[in-house]
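Residue numbers (our numbering), protein chains in the order written: chain A, 1 to 365; chain B, 1 to 365; chain C, 1 to 365; chain D, 1 to 365.
Some hints could be false.
[Stated by the list, open to error] Cut-off 25 Å, straight-line C-alpha distance, at most; resulting in silico cross-link-like pairs (DSS-like, lysine-lysine):
id, chain 1, residue 1, chain 2, residue 2
1, C, K144, B, K144
2, A, K140, D, K140
3, C, K140, C, K117
4, C, K324, A, K326
5, D, K324, B, K324
6, A, K324, C, K140
7, B, K117, C, K144
8, D, K144, A, K144
9, A, K324, C, K324
No lab work stands behind these hints: they were computed from the structure.
Here the structure is a predicted model, which is why all the values come from computation and not from measurement.
4 protein chains.
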Amino acid sequence: MPARAAVMVAPEQGLQVWELRAPDLEPGSLLLETVASEVCGTDVHLWHGRLSGVPYPIIPGHVSVGRVLETRSVDRDALGQSLAPGDLVTFYDVHEVCHRCWFCLVARQPNRCPQRKVYGITYSAKDGLLGGWSERIYLKPGVKVVKIPPPLDAEDVIGGGCGLFTGFAAVERAGVRLGDTVVVQGAGPVGLSAAAFASLSGAEKVIVIGAPQARLELARALGADLSLLLDESSPRDRKAEVLDVTEGRGADVVIEAAGNPEAVAEGFELLRDGGIYVIAGHYTDVGSVTVNFHHAVNRKHADVRGQWGTEFHHLYKALRLLAKYKERLPFRRIIGARYPLERAQDALQDVERLRVTKAVIAPRS
Amino acid sequence: MPARAAVMVAPEQGLQVWELRAPDLEPGSLLLETVASEVCGTDVHLWHGRLSGVPYPIIPGHVSVGRVLETRSVDRDALGQSLAPGDLVTFYDVHEVCHRCWFCLVARQPNRCPQRKVYGITYSAKDGLLGGWSERIYLKPGVKVVKIPPPLDAEDVIGGGCGLFTGFAAVERAGVRLGDTVVVQGAGPVGLSAAAFASLSGAEKVIVIGAPQARLELARALGADLSLLLDESSPRDRKAEVLDVTEGRGADVVIEAAGNPEAVAEGFELLRDGGIYVIAGHYTDVGSVTVNFHHAVNRKHADVRGQWGTEFHHLYKALRLLAKYKERLPFRRIIGARYPLERAQDALQDVERLRVTKAVIAPRS
Amino acid sequence: MPARAAVMVAPEQGLQVWELRAPDLEPGSLLLETVASEVCGTDVHLWHGRLSGVPYPIIPGHVSVGRVLETRSVDRDALGQSLAPGDLVTFYDVHEVCHRCWFCLVARQPNRCPQRKVYGITYSAKDGLLGGWSERIYLKPGVKVVKIPPPLDAEDVIGGGCGLFTGFAAVERAGVRLGDTVVVQGAGPVGLSAAAFASLSGAEKVIVIGAPQARLELARALGADLSLLLDESSPRDRKAEVLDVTEGRGADVVIEAAGNPEAVAEGFELLRDGGIYVIAGHYTDVGSVTVNFHHAVNRKHADVRGQWGTEFHHLYKALRLLAKYKERLPFRRIIGARYPLERAQDALQDVERLRVTKAVIAPRS
Amino acid sequence: MPARAAVMVAPEQGLQVWELRAPDLEPGSLLLETVASEVCGTDVHLWHGRLSGVPYPIIPGHVSVGRVLETRSVDRDALGQSLAPGDLVTFYDVHEVCHRCWFCLVARQPNRCPQRKVYGITYSAKDGLLGGWSERIYLKPGVKVVKIPPPLDAEDVIGGGCGLFTGFAAVERAGVRLGDTVVVQGAGPVGLSAAAFASLSGAEKVIVIGAPQARLELARALGADLSLLLDESSPRDRKAEVLDVTEGRGADVVIEAAGNPEAVAEGFELLRDGGIYVIAGHYTDVGSVTVNFHHAVNRKHADVRGQWGTEFHHLYKALRLLAKYKERLPFRRIIGARYPLERAQDALQDVERLRVTKAVIAPRS
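Whenever a hint applies, use it, and build me the whole structure from the sequences.
Okay, here's the thing in structure tokens:
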């Protein structure tokens, strides 16, 4: 049975709905019926052609939730839970690190493995149903599939999306400790998740800087103690506010999830001496910024840490905590709108124009 | 008996030799006869008035070696070794952290204590013999004095000078591990020391970038495996060289000890993905640099760490290792020239013009 | 005006109420009117003479809350907040680390400083009002006094007592991470606090093993997800339970707060391979235990960490979080009974016989 | 062409030399001609049947050096170096971690992966040439083969053997820092390697405790500063000696490589407060020991760390450093004797009776 999919045929060209042949299942593979797939900022970058080496035409959609339709010699999920047709699952979009290169073997840093493949980004539509904006998704042998733990449903998980575990990774990278004051720059999916997990880590104060107001309300619902609206404040105002709640010192931790070079200059101003600054929002080239390393880093005795991508355990732990704290972490509320495949182009535009925090492709809707 | 001292009366004015009254010893204090005191890059900055809050007139000279002349209710050094007149000692120039502020008590980061006082920098000549360019030095109660362990003599210690433990601190901050490739940017006293201690930490390769040639020879004598002469190579050449010896990846650790903003831009180019970059050479404001945080930090999953000043244990451990590895760590060879008090102005100029790697004031010479 | 104090004149002799002379305030000192002082397990050990070097007669009571009666040249608390007569305060019972020994200076580990003095333990009643079981407490110059932050009152703080920050220290030492499963052995004040702060750190599951039932109810009120009653289960049962909730692996972190050698043998059984085991409850010699280091440590690739005492920042951060999470952390409920000075002996007995979780001396009651 | 191999047919039965069929090479596999294979303490344990789940008959020999005879679709080693028949190689004996279990994926701790397979231990002779005491070794697809870097030859590498990277792993686990005093308990291959790498890490003092005298001489040749002969000293003497060279404090780091429970009790006595104790020598069950956790761990604020097995990067980094420091690290001198296949039984006995530090099977000799 063929599957319909929204295909990005080339940068800045209108998305098309294609009918694609159903795959033959290799041993170790699964076929999912897509329930929901997220539209993330990366998809906007993909549409503008800002990532290199993308094999257009592609089926976008890296984080998705689906129901198992068929399996071939697979009866366990990535962690050994029994798995059968009908189960609601998600999967780790990063596939096929090589376990053989210097980064995998010596540095133990698979997020820089050159063989890394990502669903919805590094596969061509010609290679098969390897993206989530499709009625069905083919999970190649070795893709890490995870049964969604109760009481979570598809909306909880896709509401978090890839931001859920990217934010988790940023908080883990920062090593947020009990009693810390944490500033999060940005209130998109990554920033909201970082705020939520910083709060869950026992931070004394979590401060989110972002826009628009609706996102800041989400931030507070997810655990932020204070939010500062970008449009209505200057960097000077925001610095005054952060110093005010930290007895003049600045934040113990700042997490950049803004994707804006000016945010980095501001972030250093908000950081206390000896603080930790995680750069998590610069996953594409958004330009440069001028920094005085005497003031920002050396004299401040600062720790600045890039967080590139994620690893499987970020997804796994974030999901487990989401299952435990479903009420306290209402990520499902981030979803702003649901789109059928035919309206994938509208979804991209709404995300780019910040009309919705999180757009979701629901192929069956 | 009065003591003669070289006094920096005000920025950019000729140094003067003053005769200063001998102090009355408070309980817990010592009086030293100065054997040697270093002329460091900071002294050049002091002369140009580049540090704020300096109470001119001052007696420069923060790291010194002296012989104990007199003690008052003191018979042990900072670590409990017996101490008596005639002993050869050095002392930790950073005095009087408060043990009471948020940085001392909560962050456990005394290098950012606002009460920190430094010999030769934050005391006025009117306060007494509190700098090393003087025939005698008064060690106030609580100054951490350390007997120089055998087989070291004054030249070994002053040859290392404050660079000895600043370089040690940079290597400790980097957490250099067995088998690392380490690039050190800068071949002044801090860079040379960083190269020496990186080598001593079991780095597989230590590469020093600097000038002039004589300093690179010192670098190799102290343990560098490779040195790259700044004047005869472009950043592109140097990057090619570092990639060449790291199978195309870049260095595990880069230590900036250059005091030059362009070095920072270059440093990111030399760092491997997932590497550690310590900024140790920007202890004064030498200007800004433009950085692309996508390439340099986020995508690279980099760790960037400022190292501000030192703590006592850096001095202590560096000295112990110097005593063990006197032959392998010929820091005494860094000393380029010795000056009597009357020629302190010449010493400053020779350091500024890079005529000598390390100049030493020897009041009795 | 003299002050009445409950004095432990010698081990295993009846406590006496003495009238002691009011002190003359040295510069930098304060006098408090005691509101409440805790009776902790250490006081029971003191009464039995189990600690060495105690200068009987002593006024017990190391953690206390008081109201400032009088100050001498002090107008700020340890963190710089304004301080005046009438303010409600607590203070850090560990006083006078030397800042000069190898442990203070080189290892940066003041909890092993040989000069450490502790209120209520290492001072004689002849030295003054240096323990909390007294109408008034004399805070010597340098004692770290902290204003109790709103909305906390005396009961919140003394309910936590020294267990509050000892438990905090154990959780910090364990480095509890988001999503961890944490087993706490013991449901006394330290165990309850460890459970509370492990939960606050974002642990996925906190399991408390202890007795009696009333303490386990407190544990759940403070954040434990599961509790196992010692009296009604065997070590085999408890291991089965822990394996059951960890998919057969064991806990990521185990914190020993039981003060019982058999607990250590059991703890290793409950720990997963690669897990972290903090030994925090063996602060007196309670005997030995037989361990197979192949199974328990080497093959398990375990991390075993002793936590000795606390540092000031543990108190400070624990108090700040208590102020933020007053509702979520109802430590005041731990208080089982309040005793006037005359009944201090009864308080000791009730603690020893586990009749109350926390007994409090309230000199004015 | 068949290959002769020394086969351990069952525990405590005489080894036999079998002729085994040459394998057909699967894609991704290699065939080596064995140059040398080590006889390690584990082989003695295997012969006594002390490890569970061993599929006798087996071909022992986990660490080996060979020359590439034949390859099938392989032209690179594990790190991407070109590889061809005739090259001298070693390989990582631990094969086939699953990359799929909780330990591989979530804990990132592949040394506890239940799927781990080890050459010479977990494969039956019926499965093929999967051990080193054989004329030829079959490297299954995925086995990590490494070209021996110049100027090393087979004797350098096999002299280090598996102890080379086990000792490296222990030093890495200890996090030995510049200036540390390190005690190594045991002077077998693991202890000698730990001493060598501790010295290479910039320890100020490395002290080896072991026997017989010949091994202590090797220890000093490899970098130990001091050695204490087990037979001629009591635990009390050794403690006195260690306290004497550490100003009464004990060692910063102790590494257990003795495989003896009493060594653990002694190790705690030799460790300073706040020190780090790595248990690396208890890789089989050698019995239990009684420990007082108040004195040994809690009051001492100790860190006790098990090191189970190794990871590939330990082998890789140890080899690179061995190549750099061939002169300083004369591991080849550890080899005591070489045995042809027919004398494998003698080799086992000589190792068990400590007649040689390292025995080597040389099938062609």
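**Study point:** 25 Å Cα cutoff - pair K324 (chain A), K324 (chain C)
**Key:** holds (22 Å)
**Study point:** Satisfaction of hint between K324 (chain B) and K324 (chain D), Cα-Cα up to 25 Å
**Key:** Satisfied, since the Cα-Cα distance of roughly 22 Å is no more than 25 Å.
Check your understanding: Regarding the pair K140 (chain A) and K140 (chain D), is the alpha-carbon distance no greater than 25 Å?
Key -> holds (24 Å)
Review point. Would the pair K117 (chain B) and K144 (chain C) pass a check requiring their Cα atoms to be no farther apart than 25 Å?
Key: holds (23 Å)
Exercise for review: Please work out if K140 (chain C) and K117 (chain C) have their alpha carbons no farther apart than 25 Å.
Suggested key: Since the Cα atoms of K140 (chain C) and K117 (chain C) sit roughly 11 Å apart, the hinted pair holds (cutoff 25 Å).
Practice item. Verify the proposed pairing of K324 (chain A) with K140 (chain C), using a straight-line Cα cut of 25 Å. Key: violated (48 Å)
Check your understanding: Can the restraint linking K144 (chain C) and K144 (chain B) be considered satisfied, given a maximum Cα separation of 25 Å?
Key -> holds (24 Å)
Point to revise | Hinted pair K324 (chain C) and K326 (chain A), Cα distance within 25 Å | key: holds (22 Å)
Check your understanding: Does the alpha-carbon distance linking K144 (chain D) and K144 (chain A) stay inside the 25 Å limit?
Key -> Holds - the C-alpha atoms of K144 (chain A) and K144 (chain D) are around 24 Å apart, at most 25 Å.
Hint 6 from the earlier list is the only one contradicted by this structure; the remaining hints agree with it.
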